[in-house]
Structures are given as structure tokens and as C-alpha cells.
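> One letter stands for each residue in the lines below.
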Amino acid sequence: MSNPAADTLAGNSVLVSLRHISKTYKKGKEPVPVLTDINLDINRGDFVALMGPSGSGKTTLLNLLGGLDSPTSGELMIAGQRIDQFSSGQLTKWRAHNVGFIFQFYNLMPVLTAEKNVELPLLLTNLSSKERKAHVAAALDLVGLSGRANHYPRELSGGQEQRVAIARALVSDPNLLLCDEPTGDLDRATADEILALMQELNEHQHKTIIMVTHDPRAADHARRTLHLDKGELIK
Amino acid sequence: MKYFYFIFKNLTRKKIRTTLTVLSIMIAFLLFGLLRSLSVAFDGGARFAGEDRLVSINKVTLIQPLPFSYLNKVKSLPGVDKVTMSNWFGGYYQDRKNQFPQFPIDAAEFFDIYQDTLALPPEQFAAWKADRQGAVIGKALAEKFNWKVGDRVPLIGLFPKKDGSTNWDFVIDGIFTGKTESAQTNVMYFHYDYFDKSRQFGEGTIGWMIIKVKDPKESAKVAAAIDALFENSAAETKTDSEKEFSKSFAKQFGDIGLITTLILSAVFFTMLLVAGNTMAQSFRERIPEFAILKTLGFSDLTVMVMVLAEAMLICAFGGLLGLALAKLVLTANASRIAATFPGLDMSLTIIVTGVLWMLLLGLITGFIPALQGLRLNIINALRRN
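The listed protein sequences derive, respectively, from chains A and B. The first sequence begins at 1 in this note's numbering and counts up by one. The second sequence begins at 1 in this note's numbering and counts up by one.
Bear in mind the hints are in silico, worked out from the structure with no lab data behind them. Note that the Cβ used here is the ideal one computed from N, Cα and C, for glycine as well.
Listed next, the in silico DMTMM-like pairs over lysine to aspartate or glutamate satisfying Cα-Cα at most 20 Å (straight line):
no. : chain 1 : residue 1 : chain 2 : residue 2
1   : B       : Lys73     : B       : Asp240
2   : B       : Lys214    : B       : Glu244
3   : B       : Lys15     : A       : Glu155
4   : B       : Lys148    : B       : Asp169
5   : A       : Lys116    : B       : Glu289
6   : B       : Lys82     : B       : Glu218
7   : A       : Lys26     : A       : Asp69
8   : B       : Lys75     : B       : Glu218
9   : B       : Lys9      : B       : Glu289
10  : B       : Lys2      : A       : Glu131
11  : B       : Lys179    : B       : Glu123
12  : A       : Lys93     : B       : Glu289
13  : B       : Lys59     : B       : Asp227
14  : B       : Lys97     : B       : Asp169
15  : B       : Lys214    : B       : Asp116
16  : B       : Lys82     : B       : Asp240
17  : B       : Lys212    : B       : Asp81
18  : B       : Lys179    : B       : Glu143
19  : A       : Lys93     : B       : Asp300
20  : B       : Lys9      : A       : Glu155
21  : B       : Lys14     : A       : Glu155
Label pairs and their in silico Cβ distance ranges:
no. : chain 1 : residue 1 : chain 2 : residue 2 : range
22  : A       : Pro33     : B       : Val274    : 44 to 50 Å
23  : B       : Phe269    : A       : Asn150    : 42 to 48 Å
24  : A       : Asp192    : B       : Val355    : 53 to 59 Å
25  : A       : Arg217    : B       : Leu272    : 53 to 59 Å
Work the whole structure out from these sequences, hints included.
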């Protein structure tokens with residue numbers, strides 16, 4: 001399927017393109033604007049930190065980029081696809097193949113071992129059990145947790161849990177990694193380790209990363225930092 | 001199948017809660033297995049009743065007798081192949097609690113009509129026919145009292161003899177077996193002539209007639225002809241298929257089918273609430289986890305099916321354990337209860353019905369959480385985290 005806009009984006013190495021994106025929620029009958037006229041391009045291989053005070057719209061923007069929510073208006077193109085025009089079902093399939101999510105509280109399944117947690121996104125693919133195992137082993141190796149494959153989340157430290165979450169986000173080889181305060185629940189040293197890992201993924205694995213953070217030291221690990229305030233991007 | 005491991009692991013999350021839920025479902029299906037088997041066994045007479053046999057009783061009540069002379073009149077009706085009779089005896093052995101069915105019959109006619117159901121060795125049959133006080137007993141009865149051929153068995157009868165005594169002596173001349181699994185072998189048969197000539201009153205009367213029709217399709221017509229024949233007489237008849245007769249006979253002891261249905265309805269309704277509450281609680285606790293699954297790309301439908309599968313798995317596990325336990329109880333006590341309930345066993349029909357109930361229970365209890373899973377909004381659910 002040929003898409004001129006997509007070809008242009010690919011040619012320019014632009015992975016994410018937002019044009020006049022606005023998002024308004026309704027509180028009762030009152031419309032509450034959360035994002036207003038956002039225009040933004042993010043290139044492949046970029047590492048972007050998204051900062052701003054609470055309520056500035058960072059998480060909402062991350063949700064839009066991750067296909068968890070749809071904009072009220074504007075064009076949102078990722079890897080050549082207008083995801084703002086996708087149905088809920090299309091977004092679900094798109095997320096499975098294009099985005100990896102990393103959360104502040106790791107959000108691992110407590111009943112599954114690290115290995116099985118990482119395998120979860122691969123259950124949605126046609127890979128055989130053997131192939132899935134190989135992918136999982138590679139992802140755990142990448143985050144330095146090969147020796148903890150059979151441990152349950154309760155048997156891991158916070159930093160190790162977040163590494164498992166990163167492995168889970170990476171295992172399906174997505175275009176984009178979206179991180180919502182990935183070090184918000186970690187001590188400084190562990191946070192630095194996680195940020196170093198993310199930096200390595202960006203530099204050596206060429207992963208495009210967008211990270212929401214309150215922490216300026218975390219943002220320092222990114223290639224560039226964007227600031228949001230009251231739903232608007234500050235230049 | 002690749003989701004099975006995850007679904008199974010979720011069930012092990014709260015082991016005590018899952019175990020208690022499984023146990024309560026197990027008890028419900030244990031009761032289901034036992035009571036349904038009991039109900040079917042109680043109705044056993046009706047199950048093995050032949051389609052080509054009719055039973056004619058006094059229209060007023062089964063207790064009222066019919067004249068012996070009716071037999072010949074019925075025999076001459078078109079469509080009738082064979083006719084015989086029987087009577088209630090109501091005796092017991094030594095103690096009132098040792099009650100079992102005994103019937104005076106015409107040996108040749110009766111065993112001819114029931115040749116598809118009962119099997120008696122020819123030499124024993126010949127010996128019995130030659131012995132006025134002789135009786136034959138079923139295998140289950142023989143095992144229960146450890147009676148053998150040649151044993152003399154005194155019974156206390158309902159009917160007094162001409163000398164005023166109610167002591168009836170019999171000699172066991174044969175032990176018959178059932179040709180079908182549910183054939184009644186907890187019974188004693190003895191000669192009508194001995195009974196009729198010895199009793200103090202009621203001579204020349206019978207309890208009921210058993211009619212074998214030439215063509216089972218003509219049963220209704222023959223039954224109507226019999227009743228028409230004795231209409232407006234002193235002893236009008238009510239003729240039904242043997243199946244109907246057995247059912248109404250069993251109902252004298254209470255409508256076991258209805259009683260078991262009522263008990264099981266109460267049990268299953270309670271189970272619906274217990275299991276439903278467990279499923280709902282389990283779902284509520286994991287809302288953020290389901291949101292994560294959806295974030296990872298699991299579709300709404302997949303999440304719904306996973307929730308439903310959990311409910312069905314827990315019901316199936318508990319239910320199958322219950323049915324297995326019921327089967328074990330029935331098998332372990334088979335010999336002890338065979339005399340009272342011949343053929344008491346869990347049939348394939350009961351097992352299949354049980355499995356369908358498990359699936360239905362799983363569907364109903366899992367339906368609301370599954371629907372919530374389907375509709376779960378990721379953003380709202382993650383905010384709860």
C-alpha cells in the first residue's frame with residue numbers, strides 16, 4: 001500500500017509526526033482541553049524526554065503516541081500510518097507490533113516468571129513455542145537478566161523488575177518505546193542503571209524512545225528534551 | 001492453547017480462595033451425581049419397562065383387587081398376545097426393616113412375558129414349578145440375605161392365612177438374574193395358587209393384570225379396549241403402559257425426581273452466587289493487569305475469553321472432581337445398595353448432563369466479569385493503578 005506521506009516521512013527518517021493535535025476531555029458537560037495544537041516530529045533513533053508539570057498533558061500525549069487514546073483533532077502519523085484514523089481494534093493490533101510500553105510501576109504479571117512475562121507480547125504472534133523462547137532469551141540477555149528468567153517479580157528487586165519490563169517492551173522489536181516515568185519508583189543508583197540501559201538501547205539498538213519524566217537528571221540521558229505546559233509544547 | 005498456562009497461573013494466585021471455590025463446586029456436583037443417580041435408579045422400573053407391556057389395575061386404587069376372571073376376558077381381546085397377573089404381598093423377613101418386594105405370580109406366564117428381562121436356569125424353573133411352596137429370588141436379594149437354593153425362608157406376610165397366622169413359609173428353588181442392567185433382582189416371586197388358596201380373604205382376586213400386546217404401536221388402542229370392556233362393572237379398570245405404572249408406583253414413596261430437582265436447584269443457585277462473587281472479586285483485583293494486557297495488544301475479545309475461560313475452568317475442575325467422587329461413592333457402595341436400588345450407577349447421560357451444567361455455571365458466573373473485561377477502558381484502568 002503506497003502512501004505518499006509515509007514515503008516522505010521514511011525518506012526524512014521521521015518516525016512520529018503530529019500535526020495540530022488537540023485532545024479535549026469532557027468533565028460533565030464541560031469540555032476540558034488537555035492538549036492544544038501540538039505539532040511535533042520525532043526522527044527514527046531519537047531519544048526524547050518529555051517534561052512538564054503535573055497536569056501539563058505529558059501522559060495524555062504519551063497515550064496518543066501509544067495508540068491507547070485517539071486525538072480529538074489533528075493528524076497523528078507513526079511509521080507512515082495515520083493512527084488517528086484507526087478504529088479501536090486496529091489500534092490494538094497496531095500497538096502489538098509497533099509500540100513497547102514501560103511504566104513507572106513495572107506492571108508485571110505477579111503470577112508469571114520473568115521469562116513468561118517477557119513472552120506475553122509474543123503470544124499475539126504466530127511464533128512457535130521454541131521461537132518465542134529464543135526471542136525471550138535474547139531480550140532478557142539484552143537487559144542483563146538471563147540468570148533471573150525463572151524468578152517471579154516478587155523475587156526481583158525494583159531495578160530488576162524494570163529490566164524485565166524493558167525486555168517485555170523490546171521482545172516484539174517495536175518501532176517505538178514509550179516510557180512513563182520509568183525511574184520514578186527507583187533509587188538514584190538503580191535509576192541511573194536503567195537510564196544507562198535505555199541509552200544503550202537507543203545508541204546501539206537504534207530504538208526510538210520517548211520518555212515522560214519529572215526528573216531533569218533522567219532527561220539528561222535523552223538526546224533532546226521537550227517541555228509541555230498547559231497542554232502546549234514550549235519551543 | 002498458548003494462553004492456557006497464563007489462565008491456569010491466574011487461578012493459582014489466591015490458592016485458598018480458589019481451593020474453597022473448587023471445593024464448594026465439587027460438593028454441588030457430588031450431590032448432583034448422587035441425587036440424579038438415585039432418582040434414575042428409583043425410576044428404574046420405568047426404565048426397563050417394555051414398550052409392549054400394559055398394566056391394568058382397579059380404577060379406584062391399586063389396593064382394590066380385580067376378579068381373577070378378568071384374565072380370560074382380556075385374553076380374548078384383539079391385539080392382546082399374553083396376559084398374566086400379580087398381587088401385592090407386603091411381607092418381611094424376621095424384622096420389619098427387612099422389607100423387600102414379593103409377588104405371587106403364575107410362574108409360566110410371568111416368566112414367559114418377562115423373558116427379555118429375567119433369566120432363570122431351566123432346571124431351577126422346573127423345580128420351582130413342581131414345588132407349591134417354592135419361590136424364586138433375584139440375585140441382589142440372594143446376596144443381601146445370603147440365601148441359597150434349598151433354603152427355607154419364613155416371611156411375615158400382610159395377608160393372614162386361613163389358620164389366622166401371618167407366617168408364610170417358602171423354599172428357595174431358584175435364583176434369577178437380570179438380562180438388563182436395571183432389571184430388578186431384589187424381588188421374590190412365588191406361586192399365586194399357594195397364596196390364593198392359603199389366604200384368609202380375597203380368594204379369587206388379583207392385584208393387577210400384566211398384558212403383552214402383539215404390536216406395541218397398538219398399545220393405546222388395546223388399553224382403551226380393556227378399560228371399555230369393564231366399564232360400568234363393579235371393578236372398573238385403569239390400564240396404562242408398564243412404564244407409566246412403574247412411575248406412578250414409585251411416586252407412592254414421593255416424587256423423587258421433583259425432590260432431587262428442588263434440592264439441586266437450591267444448591268446450584270447458591271453455587272451461582274458463591275462462584276459468581278469469587279469471579280467478580282478476582283476480576284476487580286486484576287483490573288490494572290487486564291489493562292496492561294490490552295496495552296500490550298491483547299484484544300478486547302481475547303481478554304473477555306480469558307476471563308470466561310478462568311470461570312469455566314474453575315467450574316469444570318470442581319465439577320469433574322465432584323462427579324468423580326460421586327462415582328467413587330456409588331462404586332464403593334454398589335453391593336450394599338444393589339438390593340434396594342438395582343442398577344444404581346452414574347450413567348453416561350448423568351455425566352454428560354453434569355458437564356453441561358458445569359459449562360453453564362462457568363458461563364453464567366464468568367459472564368459479568370468477562371463483559372467488564374471486554375469493555376475495560378485502558379486509560380481509566382491504568383489510572384487506578
